[in-house]
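Q: Listed below, chain by chain, are the residues.
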Amino acid sequence: MRNDDPRPYGRRAFLGLVGGGLTSLLWARPAARVLAPVTSQFSQLAGNLFPVGGWRIYTISGSMPLFDERTWRLEIGGLVRKPVSLTFEQLRALPRAEQVSDFHCVTGWSVQNVRWAGVRFRDLLALAEPLPSARAIRFVSMEEPYVDSLTLDQVLLPNVMLAHELDGRLLSRPHGSPARVVIPEMYGYKGVKWLTRMELVDHESSGYWEGLGYDQNAWVGRSNGYSS
Amino acid sequence: MATAPERHLPRFNRTERAVHWVHATAFVILLGSGLCLYLPSLAELVSRRPLVKGIHIYTAVAWAIALVAIAVVGNRRSLVRTAREIDRFDADDRAWLLRRGAPQGRLNAGQKLNAVVTAAFALLFVVTGFFLWYGERDTRFRLPAALIVHDWLMYVSFVLFVGHLFLTLIYPKTRHSLSGMTRGWVDESWALQHHRKWVEEGQWPGSETSPPAASNG
Chain A
7 MRNDDPRPYG
17 RRAFLGLVGG
27 GLTSLLWARP
37 AARVLAPVTS
47 QFSQLAGNLF
57 PVGGWRIYTI
67 SGSMPLFDER
77 TWRLEIGGLV
87 RKPVSLTFEQ
97 LRALPRAEQV
107 SDFHCVTGWS
117 VQNVRWAGVR
127 FRDLLALAEP
137 LPSARAIRFV
147 SMEEPYVDSL
157 TLDQVLLPNV
167 MLAHELDGRL
177 LSRPHGSPAR
187 VVIPEMYGYK
197 GVKWLTRMEL
207 VDHESSGYWE
217 GLGYDQNAWV
227 GRSNGYSS
Chain B
247 MATAPERHLP
257 RFNRTERAVH
267 WVHATAFVIL
277 LGSGLCLYLP
287 SLAELVSRRP
297 LVKGIHIYTA
307 VAWAIALVAI
317 AVVGNRRSLV
327 RTAREIDRFD
337 ADDRAWLLRR
347 GAPQGRLNAG
357 QKLNAVVTAA
367 FALLFVVTGF
377 FLWYGERDTR
387 FRLPAALIVH
397 DWLMYVSFVL
407 FVGHLFLTLI
417 YPKTRHSLSG
427 MTRGWVDESW
437 ALQHHRKWVE
447 EGQWPGSETS
457 PPAASNG
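Residue numbers (this note's numbering), protein chains in the order written: chain A, 7 to 234; chain B, 247 to 463.
No lab work stands behind these hints, which were simulated from the structure alone. Keep in mind the model is a prediction, meaning the values are calculated, not measured. Be aware that a few hints might be false.
What the hints assert, rightly or not - Some chain B residues close to chain A (C-beta under 7 Å, calculated; not the full set):
{"id": "1", "residue": "D336"}
{"id": "2", "residue": "K358"}
{"id": "3", "residue": "A366"}
{"id": "4", "residue": "L370"}
{"id": "5", "residue": "A391"}
{"id": "6", "residue": "I394"}
Said to hold, decoys possible - Under 7 Å between C-beta atoms, here's a sample of chain B residues computed to sit facing chain A:
{"id": "7", "residue": "P286"}
{"id": "8", "residue": "S293"}
{"id": "9", "residue": "R295"}
{"id": "10", "residue": "I332"}
{"id": "11", "residue": "R334"}
{"id": "12", "residue": "L369"}
{"id": "13", "residue": "L389"}
As the list claims (entries may be wrong) - Covered stretches of chain A (in silico footprint by chain B; criterion: 3 or more residues with CB under 8 Å from a CB of chain B, positions within the stretch not fixed):
{"id": "14", "stretch": "11 to 18"}
{"id": "15", "stretch": "21 to 34"}
{"id": "16", "stretch": "66 to 76"}
{"id": "17", "stretch": "113 to 119"}
{"id": "18", "stretch": "177 to 190"}
{"id": "19", "stretch": "224 to 232"}
The C-beta atom is built at its ideal place from N, Cα and C for all residues, glycine as well.
Hey, can you work out the whole structure from these sequences and the hints?
A: See below:
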């Protein structure tokens, strides 16, 4: 069969794909929200086959810290009357709080309905008795040099906790075992993982990501260039 | 029983094969390192995010440099000819896409489409990847959708990649095509079955030593 009518479908398809792809930078987020019921079912299915679950694990150092229950302690110090050093068992023995909250990462991904269990900061602070001059907590990770701070007002907001369980299981290593800060109203970088020390201080100092230009108060949808 | 020696037809020249293998190598490294950044279980297994991130980014840079290098030192005329070939879908190509089994040229319509999608996605991967990389350095350039689009491109590419591997390594009817991309030639009998128009027209645009294609107006 002789063909004398070749059509430039190749370049049309190319330009169409590139155009669609570039404009999707504008419509991908709303589209992802609209498609969420479908894609979340799909990712649920995929999550059973592959360990995706919507999470991405960010670390800043050469390797993820390893939790050793025999040596790990949560130190609470700084501007406190009674410095505290808790073993994992002691931490777990504190009043247990549970919550379901969404998790938002500043890079654009979210995980809906995350089931956390852990300890409220009210109960932790009651052990150490902060001095009146204390205004903020500096959270220190086993992953050096990751630190970040939250004000005392912020850690006492509802749904803020020091989590030691995720989805009914002890926190895994990628998720910051044995304990991580959870503050759903802020982007994930404020939730220090692999926590080992809480230092009561009289003012917030900038943390690891703030040093790289990220906002001190990482309110979801209202910081880091986002507006609601 | 003796059979006549099989004639080998030159299908892809060195420049075309270089472009292919640069893409293939970069894609595998980018996919592997990207999945280590993406899947929590792999992130734990490898557990060295800054290293993996470095591999991912520098592979992308090396890929782009390699493509430019091929364009500089390779057979540019053949690249242009191939691009034109990929661009043009004749009536047989359109019939083939509608599964009407029309005879095909050196590249069948599916291969042309695959090349088009690969090229477009490569560009989109670069653009979204750039925003992911630069947005981390300057928050004004952080586009939240860049991550979503980069992910979607990966999902689609992954499916295409698996299909490509199946056709080229496993499926008995098509896997001889690998020879074209490794040794540069394919058996004439196979080509007659899959790319009859190419064989019958007797033009070997894939060959560096071939005479220029006859003018077809």
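Q: All hints, please: hold or fail.
A: Results for each hint:
1. D336: holds, 4 Å
2. K358: Hint holds; K358/B Cβ to chain A Cβ min 6 Å, cut 7 Å.
3. A366: holds, 4 Å
4. L370: holds, 4 Å
5. A391: With a minimum Cβ separation of about 4 Å from chain A (threshold 7 Å), the hint on A391/B holds.
6. I394: With a closest approach of 5 Å, the I394/B hint holds.
7. P286: holds, 5 Å
8. S293: For S293/B, the interface hint holds, since the closest Cβ of chain A sits about 5 Å away, which is under 7 Å.
9. R295: holds, 4 Å
10. I332: holds, 5 Å
11. R334: holds, 4 Å
12. L369: Since chain A brings a Cβ to about 6 Å from L369/B, closer than 7 Å, the hint holds.
13. L389: Hint holds; L389/B Cβ to chain A Cβ min 5 Å, cut 7 Å.
14. 11 to 18: With 7 residues closer than 8 Å to chain B, the stretch 11 to 18 of chain A meets the three-residue bar; holds.
15. 21 to 34: The restraint on the stretch 21 to 34 of chain A holds, since 9 of its residues have a Cβ under 8 Å from chain B and three suffice.
16. 66 to 76: The restraint on the stretch 66 to 76 of chain A holds, since 5 of its residues have a Cβ under 8 Å from chain B and three suffice.
17. 113 to 119: holds (count 3)
18. 177 to 190: With 4 residues close enough to chain B, the hint holds.
19. 224 to 232: holds (count 3)
The structure fails none of the hints (numbered hints given earlier).
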